[in-house]
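Just so you know, the sequences run in chain order B and A.
According to our numbering, the residues represented by the first sequence are 48 to 254, in order.
According to our numbering, the residues represented by the second sequence are 48 to 254, in order.
In case anyone wonders, no lab produced these hints; they're calculated from the structure.
Where hints are given, some of them may not hold.
Copies of the same chain are indistinguishable here, so a pair counts whether it falls within one copy or spans any two.
Said to hold, decoys possible - Derived lysine to any residue pairs resembling SDA-like cross-links, with alpha carbons at most 25 Å apart: (1) K65 with T80; (2) K121 with N217; (3) K65 with D225; (4) K227 with F135; (5) K65 with P164; (6) K166 with L89; (7) K55 with P99; (8) K166 with S51; (9) K166 with T103; (10) K55 with T125; (11) K55 with R165; (12) K166 with Q223; (13) K227 with A86.
All values reported here derive from a predicted model rather than from experimental measurement.
Protein chains: 2
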Amino acid sequence: MRISEQAKQESRSRILEKAAELFTSNGFDNTTTRDIALAAGLATGTMFNYFPSKETLGMTMVTEALGHGTDDFKSRRTGEEDLNEDLFLFITSGLRRLQPLRPFLGPVLERSLSAFPRKNVCLEGEAARSGHLEAVQEIISRHGFTTAPDYVAMTIYWSLYLGILAYWTNDESPNQEDSKGLIDYSMQFFVQVISGNGANTGGEHAE
Amino acid sequence: MRISEQAKQESRSRILEKAAELFTSNGFDNTTTRDIALAAGLATGTMFNYFPSKETLGMTMVTEALGHGTDDFKSRRTGEEDLNEDLFLFITSGLRRLQPLRPFLGPVLERSLSAFPRKNVCLEGEAARSGHLEAVQEIISRHGFTTAPDYVAMTIYWSLYLGILAYWTNDESPNQEDSKGLIDYSMQFFVQVISGNGANTGGEHAE
DNA sequence: AATTTAATCTGAGCGTGCTCATTTTTACTT
DNA sequence: AAGTAAAAATGAGCACGCTCAGATTAAATT
Numbered sequence: 048m049r050i051s052e053q054a055k056q057e058s059r060s061r062i063l064e065k066a067a068e069l070f071t072s073n074g075f076d077n078t079t080t081r082d083i084a085l086a087a088g089l090a091t092g093t094m095f096n097y098f099p100s101k102e103t104l105g106m107t108m109v110t111e112a113l114g115h116g117t118d119d120f121k122s123r124r125t126g127e128e129d130l131n132e133d134l135f136l137f138i139t140s141g142l143r144r145l146q147p148l149r150p151f152l153g154p155v156l157e158r159s160l161s162a163f164p165r166k167n168v169c170l171e172g173e174a175a176r177s178g179h180l181e182a183v184q185e186i187i188s189r190h191g192f193t194t195a196p197d198y199v200a201m202t203i204y205w206s207l208y209l210g211i212l213a214y215w216t217n218d219e220s221p222n223q224e225d226s227k228g229l230i231d232y233s234m235q236f237f238v239q240v241i242s243g244n245g246a247n248t249g250g251e252h253a254e
Numbered sequence: 048m049r050i051s052e053q054a055k056q057e058s059r060s061r062i063l064e065k066a067a068e069l070f071t072s073n074g075f076d077n078t079t080t081r082d083i084a085l086a087a088g089l090a091t092g093t094m095f096n097y098f099p100s101k102e103t104l105g106m107t108m109v110t111e112a113l114g115h116g117t118d119d120f121k122s123r124r125t126g127e128e129d130l131n132e133d134l135f136l137f138i139t140s141g142l143r144r145l146q147p148l149r150p151f152l153g154p155v156l157e158r159s160l161s162a163f164p165r166k167n168v169c170l171e172g173e174a175a176r177s178g179h180l181e182a183v184q185e186i187i188s189r190h191g192f193t194t195a196p197d198y199v200a201m202t203i204y205w206s207l208y209l210g211i212l213a214y215w216t217n218d219e220s221p222n223q224e225d226s227k228g229l230i231d232y233s234m235q236f237f238v239q240v241i242s243g244n245g246a247n248t249g250g251e252h253a254e
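With the hints as constraints, model all of the structure from the sequences given.
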């Protein structure tokens with residue numbers, strides 16, 4: 048049993064490893080599950096014993112990367128950050144770990160993180176979303192917000208975060224500077240939303 | 048030639064009609080292109096002479112509905128609205144026309160409007176996005192904004208709009224009141240973004 | 001060791017969206 | 001009317017993600 052258990056783990060990580068290589072060189076959509084299984088030395092069907100779908104395979108890599116990002120965030124923060132800075136640091140810590148996956152991230156995130164309702168929900172995607180949102184709530188509460196943000200605020204946050212991910216995935220600017228601007232802007236205004244001073248200042252330039 | 052041309056138009060609208068019926072009763076993903084072709088009295092391959100993909104078929108309905116929504120908006124606005132109200136009216140006018148498509152809208156919009164980069168871009172989706180954003184820019188300029196919003200602002204707008212669409216598609220509250228709250232909040236937030244108040248432009252988080 | 005039971009692997013096969021060589025229909029020319 | 005070329009329709013077939021009945025291997029039991 049010891050040996051078999053080990054062999055299973057090796058199969059699992061070999062699948063992840065080869066899949067990442069193929070996704071990177073050929074793209075997510077152009078890599079078939081048959082290709083991955085072949086590269087990992089398994090039959091096609093066997094792969095689906097380890098990962099129930101190609102989408103789950105991709106999201107497993109994403110979830111692992113984001114988990115490391117959260118660890119990085121916790122060790123990098125000084126405790127002196129204001130809320131904007133804390134959220135900025137949290138998001139960029141995740142992106143840094145997602146960097147190696149960037150070439151094939153689009154199709155994966157689009158399918159798994161989208162807020163649109165779906166028939167086949169990807170568990171990894173749901174977990175990533177709720178985990179991220181809980182972390183955000185926790186960060187917010189550390190900054191003295193006693194009442195948790197309502198559904199409107201968190202829906203807006205998730206929309207902004209998805210937009211950031213989509214932009215960053217495509218960002219060709221040096222060192223993804225454009226994305227940093229977008230994150231900074233998005234988070235500053237999100238903080239305004241949850242601070243409750245966003246509801247009355249429209250239309251200064253009107254007419 | 049006259050008759051044939053007419054027959055083609057009839058085939059086209061019969062496809063759209065039957066597809067909408069099937070999508071509504073069985074869902075988008077559970078309706079096959081073979082089902083649609085059969086219902087329209089055509090061979091499978093023939094359908095693809097009219098619509099190059101199932102996704103395009105769905106987006107054609109969306110685009111048409113949103114076009115009518117824009118017409119409604121133009122005839123409903125009084126000219127007295129402030130920017131928030133104008134944007135709110137624009138969005139809700141579109142949603143009202145999308146209402147009949149709501150049961151099968153999720154998979155269509157997710158694939159076609161997402162900001163994530165894709166291999167096979169759906170032309171209808173691109174047109175819908177750029178058309179919508181141009182309309183928003185036009186509305187903004189009517190309210191005295193001389194310089195067009197930059198990429199950050201419009202990226203944020205599109206993120207918020209997608210979030211609204213996703214939420215609304217799922218909204219079970221009576222008369223979709225929850226969605227209206229989200230739209231109102233989101234647009235107030237967006238107006239703040241383009242008004243440039245409250246946000247110190249970023250860079251201080253650079254590392 | 002032999003036998004039984006459970007876990008794991010396998011690849012032929014299914015249902016998709018979509019393609020394309022072929023057939024059929026249409027519109028024009030003589 | 002007959003002939004011709006272009007346009008439209010056809011459905012067998014492809015590649016894909018994924019399934020599942022049966023084969024293979026490992027573990028537990030006697």
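Results of checking the hints against the structure:
{"no.": "1", "hint": "K65 with T80", "in the structure": "within (11 Å within a copy, 34 Å between copies)"}
{"no.": "2", "hint": "K121 with N217", "in the structure": "neither (27 Å within a copy, 35 Å between copies)"}
{"no.": "3", "hint": "K65 with D225", "in the structure": "neither (32 Å within a copy, 45 Å between copies)"}
{"no.": "4", "hint": "K227 with F135", "in the structure": "within (8 Å within a copy, 29 Å between copies)"}
{"no.": "5", "hint": "K65 with P164", "in the structure": "between (31 Å within a copy, 23 Å between copies)"}
{"no.": "6", "hint": "K166 with L89", "in the structure": "neither (29 Å within a copy, 28 Å between copies)"}
{"no.": "7", "hint": "K55 with P99", "in the structure": "within (15 Å within a copy, 43 Å between copies)"}
{"no.": "8", "hint": "K166 with S51", "in the structure": "neither (35 Å within a copy, 40 Å between copies)"}
{"no.": "9", "hint": "K166 with T103", "in the structure": "both (15 Å within a copy, 20 Å between copies)"}
{"no.": "10", "hint": "K55 with T125", "in the structure": "neither (40 Å within a copy, 67 Å between copies)"}
{"no.": "11", "hint": "K55 with R165", "in the structure": "neither (31 Å within a copy, 34 Å between copies)"}
{"no.": "12", "hint": "K166 with Q223", "in the structure": "between (34 Å within a copy, 22 Å between copies)"}
{"no.": "13", "hint": "K227 with A86", "in the structure": "neither (37 Å within a copy, 50 Å between copies)"}
Violated hints for the displayed structure, listed by number in ascending order: 2, 3, 6, 8, 10, 11 and 13.
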